[in-house]
Structures are given as structure tokens and as C-alpha cells.
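Student: Line by line, the protein sequences are chains A and B. Residue numbering for the first sequence follows my numbering, beginning at 28 and increasing consecutively. Residue numbering for the second sequence follows my numbering, beginning at 2 and increasing consecutively.
Note that these hints are calculated values from the structure, not bench results. Note that CB positions come from ideal geometry on N, CA and C, so glycine has one too. Some hints here could point you the wrong way.
Claimed, not checked - Heads up, simulated DMTMM-like pairs for lysine to aspartate or glutamate below, C-alpha to C-alpha not over 25 angstroms straight-line:
no. : chain 1 : residue 1 : chain 2 : residue 2
1   : B       : Lys155    : B       : Asp8
2   : B       : Lys183    : A       : Asp253
3   : B       : Lys88     : A       : Glu177
4   : B       : Lys181    : A       : Asp200
5   : A       : Lys135    : B       : Glu141
6   : B       : Lys116    : A       : Asp204
7   : A       : Lys148    : B       : Asp146
8   : B       : Lys183    : A       : Glu249
9   : B       : Lys88     : B       : Asp146
10  : A       : Lys139    : B       : Asp147
11  : A       : Lys86     : B       : Asp160
12  : B       : Lys88     : A       : Glu140
13  : A       : Lys135    : A       : Glu118
14  : A       : Lys61     : B       : Glu3
15  : A       : Lys135    : B       : Asp146
16  : B       : Lys4      : A       : Asp80
Stated by the list, open to error - Far from chain B by the CB rule (all over 12 angstroms, computed), these chain A residues:
no. : residue
17  : Gly52
18  : Arg241
19  : Asn244
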Amino acid sequence: MREVSTLLIKEKIKKMFIEMNHELGNDVEAFLNKTREIEESPIGREVLENLLDNLAIAKEKQIPICQDTGMAVVFLQIGQEVALTDMFIEEAVNQGVREAYQEGYLRKSVVKEPLERVNTKDNTPAVIHYEIVPGNRIKISAMAKGFGSENMGKIKMLNPSDGKEGIVKFVVDTVSDAGPNPCPPVIVGVGVGGTMEKAAILSKKALLRPLGERNPNQTYGEIEKDILGRINASGIGPQGFGGSCTAMAVHMEYYPTHIAGLPVAVNINCHVARHRESVI
Amino acid sequence: MEKIILDTPLTEKRAVNLKCGDMVLISGTLYTARDAAHLRMIDNIRQKKTLPFELKDSIIYYAGPTPERPGNISGSFGPTTSSRMDKMTLPLLDQGLRGMIGKGLRSPEVIEGIKRNKAVYFAAIGGAGAMISNSIKGIEIIAYDDLGTEAVRKLSVKDFPVVVAIDTFGECIYDSGRNKYKKEF
Ligand code: SF4
Chain A
28 MREVSTLLIK EKIKKMFIEM NHELGNDVEA FLNKTREIEE SPIGREVLEN LLDNLAIAKE
88 KQIPICQDTG MAVVFLQIGQ EVALTDMFIE EAVNQGVREA YQEGYLRKSV VKEPLERVNT
148 KDNTPAVIHY EIVPGNRIKI SAMAKGFGSE NMGKIKMLNP SDGKEGIVKF VVDTVSDAGP
208 NPCPPVIVGV GVGGTMEKAA ILSKKALLRP LGERNPNQTY GEIEKDILGR INASGIGPQG
268 FGGSCTAMAV HMEYYPTHIA GLPVAVNINC HVARHRESVI
Chain B
2 MEKIILDTPL TEKRAVNLKC GDMVLISGTL YTARDAAHLR MIDNIRQKKT LPFELKDSII
62 YYAGPTPERP GNISGSFGPT TSSRMDKMTL PLLDQGLRGM IGKGLRSPEV IEGIKRNKAV
122 YFAAIGGAGA MISNSIKGIE IIAYDDLGTE AVRKLSVKDF PVVVAIDTFG ECIYDSGRNK
182 YKKEF
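All chains should be built: construct the whole structure from the sequences, respecting the hints.
Tutor: Listed below in C-alpha cells is the structure:
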């Protein structure tokens with residue numbers, strides 16, 4: 028067994044959340060740079076310029092890229108040969124989030140209970156997904172998820188006979204109905220198969236993929252391309268002001284499912300696609 | 002693209018000159034209010050109590066900032082999704098509210114209210130809160146302090162960048178923009 032202190036995990040989580048709220052991955056910046064040249068609408072080009080300016084200002088002045096600094100979502104892949112020591116793992120993750128949001132001047136957007144809605148004042152708890160994997164390492168994937176885009180997600184239990192066309196239509200309609208609300212250009216995460224909750228988790232996981240990387244399965248890779256083309260033909264454009272760039276990428280993940288079902292979940296991320304990975 | 006310079010208060014005369022799609026730089030005063038502050042204001046109106054600020058010809062900004070770092074005037078301060086305020090917007094428009102800044106779609110009822118009251122709905126860029134903070138020159142919490150990021154703030158702004166999303170005639174950029182660039186696939 029390899030011993031790993033959860034205090035180390037806490038520190039990593041803290042650092043990741045502060046960093047991702049001030050600096051995106053190079054993939055998004057490169058995309059915006061490329062697209063501002065080819066976006067058809069003048070106002071759309073101006074928006075993309077502004078988004079690039081915003082990224083530069085955020086990084087330089089250490090002001091969060093967006094004021095909605097998100098709810099913390101953490102995927103933990105824990106090797107079977109790891110023995111966790113010190114704090115309880117869930118507390119360690121939440122403590123990392125707490126310190127990041129308090130010390131990093133991030134907005135606290137989490138309420139304790141969905142109806143009374145009293146703010147927890149430290150952005151905890153995080154939504155944590157655990158997975159046990161072979162080996163003796165721990166992979167942390169962390170994401171600050173804004174709710175303008177989260178609120179536009181949908182899930183539908185399709186019939187197997189709805190097939191590829193059914194999936195394409197549901198995803199395209201979901202993004203089209205969302206229009207300007209999720210702050211386009213967006214990334215569209217799609218989970219297909221499994222059960223209802225499995226599809227939803229896959230759709231979230233799909234957002235962690237490097238921007239625009241295709242699913243290695245050719246069928247799914249082709250569907251991603253098809254959906255992306257249709258979304259960008261919708262005319263929604265940057266911020267929904269009209270234009271040719273509505274989505275930056277479509278990422279699909281799939282899982283075996285039941286003979287009677289075809290679950291499809293769509294999770295939309297805005298252009299402020301904040302995530303980080305770390306391996307211990 | 003060319004920018005229109007606009008000073009507050011947003012009088013009817015100034016409002017009717019703004020057209021859907023115009024890029025505008027606002028200077029003057031804005032008031033922030035999100036979901037929770039709207040609920041309280043609607044309650045105040047119902048109970049005929051005074052509101053935290055004079056609504057006539059004012060502009061409400063749907064936004065809740067990040068806490069500012071020591072020495073900074075403002076944290077990240079971009080717009081939130083406006084549609085959550087739709088159900089609470091008409092009573093404010095009917096009291097003279099002239100402008101709203103947010104992001105995203107509005108309901109048909111709000112669009113009707115905008116036309117009826119010759120008001121304007123502006124869109125600020127969602128996810129550009131760091132850039133937007135540059136145009137905020139002063140922040141003062143004037144009501145509902147207990148709401149934290151949702152408290153009502155009085156902002157003094159200089160060249161605050163927005164786009165006219167719905168003008169006084171009810172023309173909406175989210176429809177016209179999409180139709181203009183829509184393609185067959
Ligand atoms: S959807 Fe994303 S970019 Fe838009 S306000 Fe929310 S976090 Fe910010």
C-alpha cells in the first residue's frame with residue numbers, strides 16, 4: 028500500500044480552485060484567438076476580443092475571470108493500492124474548497140439547503156465523485172461550474188429506436204433553446220447510455236476533455252462533429268448576439284446500457300471552462 | 002464598431018434613441034439587484050414602503066460580484082442571467098425603472114412591459130467580469146447588507162460596456178441576431 032495524506036489533497040484542491048478561477052487552459056484561449064478571425068458577425072468578433080481582454084486582465088490583476096466562481100465539482104480517481112491518512116477525504120476536499128474561496132477572494136455561491144437557501148458562506152460542500160481504479164495513484168479532476176450554463180442542461184430517456192437522429196436532435200434542441208443564457212461560445216458535454224444518473228455524470232466528465240478532442244470511437248466522433256456543425260449553423264453566436272460561433276466543441280462519452288433504454292444527458296459549459304487536473 | 006456614449010439618468014428621451022444592437026458605454030449610476038433583492042423590493046412595493054433607491058429613470062444591473070481584494074475597488078462583476086428576474090420585473094417597470102442590464106432572454110411579458118414603459122434592456126458580456134470591473138469606479142452597499150453578494154449596491158461607473166438587447170420598440174437582438182446568421186445544415 029502507498030500512504031497518501033489527505034492534507035496533500037486538500038492543498039492541491041485549494042491551489043487548483045484559486046488558479047482555475049484566474050486562468051483558463053491554453054485550449055480556450057487558442058480557440059478564441061483563432062475564432063475572432065473567422066467569426067462572421069462584427070458584434071460577435073467584438074465579443075470574442077472582449078473575452079480575450081478579460082482573460083488577460085483576470086490573469087494580470089488576479090481578478091476572477093467571471094464573478095460566478097462556481098460550485099466546486101471534484102472527481103477523485105483513487106488507486107486501489109492507496110491508503111488515505113489524516114483527515115477524512117470528504118472533509119479534506121471541502122477544506123481545500125473552503126480555503127480557496129475564502130483566501131482567494133472568490134464568490135460564495137452555495138446554499139445549505141435548496142428551499143430555505145441560506146448561504147454556507149464558504150462555497151462548501153463540493154460535489155464529489157469517487158472512483159476506485161487500479162494502481163497506487165490518485166487523480167484529482169476539479170471544476171468550478173457556473174450555473175448560468177449548468178441551468179441549461181437537460182436529460183432525457185430516449186427510446187432505443189430514436190437512435191443517432193434522436194440523440195442529435197435532443198442535443199441540438201437543448202443548446203438552441205438555451206440560446207444566449209449559458210454565455211456562448213459554449214462547450215457541450217453529452218453522456219449517452221448507462222442509467223439516468225450515469226448519463227448525467229458522463230456528460231459532466233465529458234467537459235473535462237481537452238477542448239475539441241474527438242471521442243476515439245469513430246461513430247461517436249462523427250456524431251460530435253455533426254452536432255457541432257448543426258449548433259454553429261443555428262446563428263446564436265457569441266453571447267447570443269448572432270453569429271457563426273456558438274459552440275467551441277461537443278464532447279460525448281458513452282457507457283453500456285439496458286436493452287430498453289437510451290439515456291442522453293446534456294451538460295453545457297460556458298466559455299469560462301475552468302478545470303484542472305493533478306496526479307498524486 | 003462604433004460606441005454610443007450614454008449618461009445616467011436614463012430619461013425617456015435618451016432611451017428612445019437607443020436601437021437594438023447598438024454598442025453603448027454607460028457613465029453615471031447603476032444599482033445592483035439579483036433574485037433576493039428583487040423579492041424584497043416587490044415586497045416593499047406591495048406594502049407601500051420606500052425602496053432602497055428611486056426607480057424613476059434608473060438602471061438596475063443584475064449582478065453579484067466576487068469580494069474585492071484589499072486595495073481594489075471592485076472584484077469580478079459581470080452580469081447574471083436575467084430571466085430569473087422576469088417574474089419580478091413588471092412592478093419595477095411600472096414604477097419608472099427605465100433600464101436593466103443582464104444577460105440572456107426575457108419573457109414576452111417583460112418585453113411588453115419594456116415597450117409600454119419605453120424602457121431598455123441591455124446585455125453586458127457574460128463571463129467578462131474582470132474586464133467589466135475596470136469600468137466600476139465606486140461601490141457602496143445601500144440596502145440588504147445581510148444578502149452578501151446579493152445586497153443592493155450603488156455603482157458609479159465610467160464607460161460601462163453594454164449592447165442594446167431589447168430597445169423601446171421591443172426589438173430583440175437574440176431574435177434578430179440569430180435569424181441573420183442562421184444557416185441551412
Ligand atoms: S455561465 Fe459561465 S461565463 Fe456565464 S456568468 Fe455563469 S460562470 Fe460566468
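Student: Each of the hints needs a verdict: does it hold here or not?
Tutor: Hints versus structure:
At roughly 15 angstroms between alpha-carbon atoms, Lys155 of chain B and Asp8 of chain B fall within 25 angstroms of each other, so this suggested pair holds. With a C-alpha separation of about 16 angstroms, the suggested pair Lys183 of chain B and Asp253 of chain A falls inside the 25 angstroms cut-off, and the hint holds. A hinted pair counts as satisfied when its Cα atoms are at most 25 angstroms apart, and Lys88 of chain B with Glu177 of chain A qualifies at roughly 21 angstroms. Straight-line distance between C-alpha atoms of Lys181 of chain B and Asp200 of chain A comes to about 19 angstroms, which keeps the hinted pair within the 25 angstroms bound.
Under the criterion of a C-alpha separation no larger than 25 angstroms, the hint pairing Lys135 of chain A with Glu141 of chain B is consistent with the structure, at around 19 angstroms. Of the pairs offered as hints, the one joining Lys116 of chain B and Asp204 of chain A holds, with about 24 angstroms between alpha carbons and a cut-off of 25 angstroms not exceeded. Among the hinted pairs, Lys148 of chain A with Asp146 of chain B is consistent with the structure: their alpha-carbon atoms are about 14 angstroms apart, no more than 25 angstroms. At roughly 22 angstroms between alpha-carbon atoms, Lys183 of chain B and Glu249 of chain A fall within 25 angstroms of each other, so this suggested pair holds.
Restraint check: the Cα-Cα separation between Lys88 of chain B and Asp146 of chain B comes to about 23 angstroms, which is no more than 25 angstroms; the hinted pair holds. For the proposed pair Lys139 of chain A and Asp147 of chain B, the alpha carbon gap of about 16 angstroms is at most 25 angstroms, so the pair holds. For the proposed pair Lys86 of chain A and Asp160 of chain B, the alpha carbon gap of about 22 angstroms is at most 25 angstroms, so the pair holds. The straight-line distance between the Cα atoms of Lys88 of chain B and Glu140 of chain A is roughly 23 angstroms, inside the 25 angstroms bound, and the hint therefore holds.
For the given pair, Lys135 of chain A sits about 18 angstroms from Glu118 of chain A by alpha-carbon distance, which is consistent with the 25 angstroms threshold. Distance check on the hinted pair: Lys61 of chain A and Glu3 of chain B sit about 23 angstroms apart at the alpha-carbon level, within 25 angstroms; holds. Of the pairs offered as hints, the one joining Lys135 of chain A and Asp146 of chain B holds, with about 15 angstroms between alpha carbons and a cut-off of 25 angstroms not exceeded. With a C-alpha separation of about 17 angstroms, the suggested pairing of Lys4 of chain B with Asp80 of chain A holds against the 25 angstroms cut-off.
Distance check for Gly52 of chain A against chain B: the nearest CB is about 15 angstroms away, which clears 12 angstroms, and the non-interface claim stands. The Cβ of Arg241 of chain A lies farther than 12 angstroms from every Cβ of chain B, with a closest approach of about 19 angstroms, so its non-interface assignment holds. Every C-beta of chain B lies more than 12 angstroms from that of Asn244 of chain A, the closest at about 23 angstroms, which supports listing it as non-interface.
In this structure, none of the earlier numbered hints is contradicted; all agree with it.
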